[in-house]
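Given the sequences, and given the hints that come with them, work out the whole structure.
Next come the chains, spelled out residue by residue.
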Amino acid sequence: MNTGAMSAERPVLSVTGLAVSFSGGAARGRGGAGSGTRVAAVGEASWGVHAGQMLAIVGESGSGKSVTALAAMGLLPRGARVDEGEIRLRTWGRDWELCRAGAEEMRQVRGKHLAMIFQEPMTSLNPVMAVGEQIEEVIRLHRPEMKRNVREAAMEALSAVKIDEPARRLKQFPHELSGGMRQRVMIAMAVASQPAVLLADEPTTALDVTVQARILELLGELRSQRGMAVVLITHDLGVVADHADVTCVMFGGRVLEFGRTREVLARPVHPYTRALLACRPSVQRRVERLATVGELIGAEGKSSMMAQGERLAMWWPFAAAPSGCGDDDAPVLVQVEQERWAAVWGTEAAQRLRVKEAPQLR
Amino acid sequence: MITQAAKPVLSVRGLHVSFANRAGLLRSAPPRHVVRNVSFDLFPSSVLALVGESGCGKTTIARGLLGLLPETAKVSGHITCEGKDVLALGGAELKIMRRRMQVVFQDPGGSMNPGMTIENIVGEPLDIHESAITHAERTQRIDDSLTKCGLSSAFLQRLPNELSGGQRQRVCIARALMTRPTVLICDEPTSALDVSVQAQILNLLNDLRASLGLACLFITHDMGVVRQLADHVCVMQSGEIVEDGPAATLLDSPQHPYSRQLLSAVPGKCLDSAGHIVPSPANL
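So the sequence lines, in the order shown, correspond to chains A and B.
Numbering follows our numbering, in which position 72 of the first sequence is assigned residue number 72; successive positions increment by one, without gaps.
Numbering follows our numbering, in which position 180 of the second sequence is assigned residue number 180; successive positions increment by one, without gaps.
Since the hints were made in silico from the structure, they are not lab data.
Backbone N, C-alpha and C define an ideal beta-carbon position, used for all residues, glycine too.
Be aware that a few hints might be false.
Derived lysine to any residue pairs resembling SDA-like cross-links, with alpha carbons at most 20 Å apart [stated by the list, open to error]:
1) Lys148/B / Arg289/A
2) Lys269/B / Lys162/A
3) Lys269/B / Asp245/A
4) Lys95/B / Lys148/B
5) Lys269/B / Arg262/A
6) Lys269/B / Asp236/A
7) Lys269/B / Gly220/A
8) Lys269/B / Arg214/A
9) Lys269/B / Ala51/A
10) Lys269/B / Gln284/A
11) Lys269/B / Val287/A
12) Lys269/B / Ala213/A
13) Lys269/B / Ala266/A
14) Lys269/B / Asp242/A
15) Lys162/A / Ala265/B
16) Lys148/B / Gly220/A
Quick partial rundown of chain B residues pointing at chain A, CB under 8 Å, derived from the structure [claimed, not checked]:
17) Arg27
18) Ser54
19) Asp194
20) Gln200
21) Leu202
22) His221
23) Ala265
24) Leu271
Below is the structure:
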């Protein structure tokens, strides 16, 4: 089997038709919904990312962007389960299906081939362990061949994320470091095992703009040097515009739009993407009043799209369904033009065009 | 817009805040100066933005204004609000001053008691500052304040955890308005919110400033927010104001190297004012 060719053509990580639900009812206390009800957090999420590429998943809180990443890591909270779909990781000539992998298999993949960093570095670091020990733990676990020079490998990991005086930093504790430095340590730990994919969940949201710029630059370098794929989960479209190759917009657990960043941001096909872009306060020009998603969608909710000669109505949860389509008909993801995918109402025509494979762009 | 002829409602001169460093048994440590010689004026109906990276002293200034600094802080300089020297006030007079200056924090969840209903959260400032009012009047004022902030009376009996982040921040603003303040201090009130919710809150603050003549001290590190809301900007670095001026002038032509660095780090400059990416040879 020619694994080299395979990895060049197929995405290193792909999510196809993923649906995740949480057990509902009991958590709300009041309301009296039975404990047997389930709440859909993600439905029909599909995307793929190639080696060396940065894919941005953009969405507001509750859009299901983090849940998708947690599902890939096998770290879904209690009560959550994958109902449908698959998540495939292809690296080192192997092809894992992460939704159905056993606990032992996941332990081999998680942290080794697939790593994740979170928004708040302080809560992900052990406060009573020197950062050096924490990095060494990763190396001992995932790179047994480095057993004899763990300390050097840890130093190297810190240098790779551009921390000065790594020898001194290794002995420091998380509270002795600044926010930006802690996030660098987190990245050092995540990439010490040389993973194929790094899932970064809002890695710079808690940081200042200047520190944010440096962290994103660092992620960019790591992926170009190592061919590591980065999945950047964010709500900042400015960050997306500057750094991501490919963009996936999510809302209500669905992928609304997928395409090359420069295409998606220059010419959004879905009204929600347009609204999200318009309500962002611009640093260049003051507007009388900022638009909000609600207002914009009210005006634009019924837009449609031609795909393979069929007129398809864009799916939007608060817009009325087009004729011939029930309000409950789930949306489907279709390829609406070359290199562009969007969510449309699940009419008969749309069902025929529904994507079978995760959208991905080389 | 600022009418420069108007008198500032809040005026800060040479504010200096230092904390005693923890000294060892045998050594004394020099104090840490976190705010140095800061001066600014805040006018009615205007928004002054305080920008700078974390640790530059923005929040310390806010706490200094509100008299919320810990005992260990050494504060000097002058803070004048409506003609009174805030730093010299104590006891009853300070309590009265606090009605005039209210605050909204970054994390709306963290600044509300999770066990209290929205009615009691919003009504608490009245219970403290105007306990003599009748029950009917209290209810009326709570209702008014919530309405101003775009919330209906349907929220009165809910608990904070039943509200979304944007609704919670509206409740915090409604609470801050209860004592009819002249100065509203906002410490990164939208940093934890989604961009569309942020737009709603910024619009709300803009409306309140116009309708109530509220002066607003806005602490942020988001330059887009500064552009949309602020009339005047002070850029802070290591406890000092390194540059200040009218918002439009400062954002268009920053003079100090640090202001330039801050503006150049703003992501998404290739996006136009509709938010769309601008096609250019560099990104095609």
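Problem set entry | Interface hint status, Leu202/B versus chain A (Cβ within 8 Å) | holds (6 Å)
For this session: Using 8 Å as the Cβ threshold, decide whether Gln200/B counts as touching chain A.
Result: Where the cut-off is 8 Å and the nearest Cβ of chain A is about 5 Å from Gln200/B, the hint holds.
Problem set entry | Hint check, Arg27/B versus chain A [nearest Cβ-Cβ separation less than 8 Å] | violated (20 Å)
Exercise. Taken at face value, is the distance from the CA of Gly220/A to the CA of Lys148/B at most 20 Å?
Worked result: Distance ~45 Å between Lys148/B and Gly220/A Cα, so the pair is violated.
For this session: Tell me if Ala265/B is really an interface residue toward chain A, meaning its C-beta lies closer than 8 Å to one of theirs.
Result: Check passed: Cβ of Ala265/B comes within 4 Å of chain A, closer than 8 Å.
Exercise. Holds or violated: Lys269/B with Ala266/A, Cα cutoff 20 Å?
Worked result: holds (13 Å)
Exercise. Holds or violated: are the alpha carbons of Lys269/B and Asp242/A at most 20 Å from each other?
Worked result: With a Cα-Cα distance of about 8 Å, the restraint between Lys269/B and Asp242/A holds, given a limit of 20 Å.
Exercise. Holds or violated: Lys162/A with Ala265/B, Cα cutoff 20 Å?
Worked result: Holds - the C-alpha atoms of Ala265/B and Lys162/A are around 18 Å apart, at most 20 Å.
Problem set entry | 20 Å limit on alpha-carbon distance, applied to hinted pair Lys269/B and Val287/A | holds (16 Å)
Exercise. Is Lys269/B close enough to Asp236/A, meaning Cα to Cα at most 20 Å?
Worked result: holds (12 Å)
Exercise. Is the Cα-Cα distance between Lys269/B and Arg262/A 20 Å or less?
Worked result: Holds, because 13 Å separates the two Cα atoms, which is no more than 20 Å.
Problem set entry | Pair hint outcome, Lys95/B versus Lys148/B [Cα-Cα no greater than 20 Å] | Not OK: Lys95/B and Lys148/B at ~25 Å, beyond 20 Å, violated.
The structure is inconsistent with the numbered hints 2, 4, 9, 16, 17, although it conforms to all the rest.
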